[in-house]
Amino acid sequence: MAINWFKYSSPASFYFLAGKMIPLFSIAAIVLGAAGLYIGFFVAPTDFQQGEAYRIIFIHVPAAWLSMFLYVIMAIWSGIGLAFNTRLSSMVATAIAPTGAMFTFLALWTGALWGKPMWGTWWVWDARLTSELILLFLYIGFMSLQAAIDDPRRADKAGAMIALVGVVNIPIIYFSVKWWNTLHQGATVSLTQSPKMATTMLTGMLIMSLACWMYAIAVILIRTRAIILERERHTAWVGELQLQGATR
Amino acid sequence: MSDFFSMGGYGLYVWGSYLVAIVCIAGEVILVFNRRRTLMKHLSLIHQSNKQEKINETAS
Amino acid sequence: MFFWIIRRDLLLAMRRRSDVLTTLFFFIIVVSLFPLGVGPEMNMLRTMAPGVVWVAALLASMLSLGRMFASDHLDGTLEQMLLSPQSLSMLVLGKALAHWLVTGVPLVLMAPVLGIQYDLTGEALLVLTVSLLLGTPVLSLIGAIGAALTLGLRGGGVLVSLLVLPLYIPVLIFGAGAVEASAAGLGAGAHMSLLGAFLLASVVLAPWTAGASLRISME
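Protein chains in written order, with our numbering: chain A, 1 to 248; chain B, 1 to 60; chain C, 1 to 219.
Possibly wrong hints are sitting among the right ones.
Chain A stretches covered by chain C per the calculated footprint, using a threshold of three residues with CB under 8 Å from any CB of chain C [said to hold, decoys possible]:
no., region
1, 125-139
2, 202-214
Counterexamples of contact, computed for chain A against chain C with all Cβ distances above 12 Å [as the list claims (entries may be wrong)]:
no., residue
3, S10
4, S13
5, F16
6, P23
7, Y38
8, F41
9, D47
10, M68
11, F105
12, W109
13, W119
14, G166
15, A236
Hints were generated in silico from the structure; no laboratory data involved. Cβ coordinates follow ideal geometry from the N, Cα and C atoms, glycine included.
Just chain A, with the same shape it has in the complex (with noise of 0.2 Å):
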């Protein structure tokens, strides 16, 4: 059967949709949290050189990663919101950035908090801890962007003129800052170079950055749909949705 996929491209069909998927992505993300938490905890052996220290990876891996993927995700659906200038793509976009920030702000405390047993100070220049700075100033000038601009039309297209900008620049600032780490200060003990990780501890990874996934979704979603209801108040339909006085 054809897939009819401009059905959930309106705001309106989208607003209901999401409303049921929410409870589903946050019981999975509990879920899985919980299952990644205790094999993280549990079922890890400790590692002979970091000892515990390293378990901090379990929040600090899928965080950095989610903030990298949210990004590109983000600089996507703008640009489809450019491109075909579906309202719906900018909203969510819109939506994607904070949770990205946070996550990018979680990865570098969980960084330095990582750092200071291993290297004995909070803040090393890492490449990676330094690029991910770098991806932290890049949401916060997005969000501030849009933030100035009253307009909403507007703001969804200068965001995403500088979401695709930075999307472009990414690597870019990646191997400059890589390259200008290494000149200065040689290979330093990498945060994910530990020897050839246990299974379990991969395991214990990957589950919770499926957790952070689907945690990342069910909020994005929630912010979307208030996206969607503060820029459609006028509408009939949120109209309606007032006399029903639903909440779903």
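With chain A held as given, fit chains B and C onto it using these hints.
Just chains B and C now, kept in the frame of chain A:
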């Protein structure tokens, strides 16, 4: 049980980072729901006033 | 058309000579402040010099970004430009190069003089100047995108720096790195070629993007 929390001496860092994680996630969830709630209240206010206007029009 | 716009912008800049000088003096003051803050100890200053000069050049060129489109936006010539049959990216390229001539070139000329303040060797000074010569146009071109996006926004000045600084970082790294590599005897060839690559890429891509951003901001 106590050595579980001491985490081989690194307890502060491990639990510290998980604490930050929980604070970030909880913070974000609270923010999102807060945004929804104020939005709902705002919308219903608009809605009440619209209904009120209709009633006044029909009444007058 | 391309040269017409450069000439027009230069003319405009010359009339308001103070703009040119403020950026230059800002650059000089920032570079001279560092030794006061860090201490006069020479070989420390020598290692710091490229970084300081480059960061100051970055900030100076960013300061005047806001003005790139603002005056035309206010008196409506920007609308005429959008409507004109000439390709918008050529116009934007012209404006960006005019901005570079007004802000970038004075910095490049002033850099050797300031380099002496940091007791840089002759060769390091030369590499610094060439790297600035290659790097500052890239700053103006990428800055044009930021300026176009934040056209007419309140608090645009701060916003431009927030948008554009992350994009300046590769240029800063290789610009300052070039001088350091030449001082360490490694030769700055690699850094220069990369700076040249950034320049070419931004000459091709930035005007088009900035043009598209202008259309968005002017809707």
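message: So, against the hints stated earlier in the document, which numbers end up violated here?
response: Per hint list: 2 and 14 violated.
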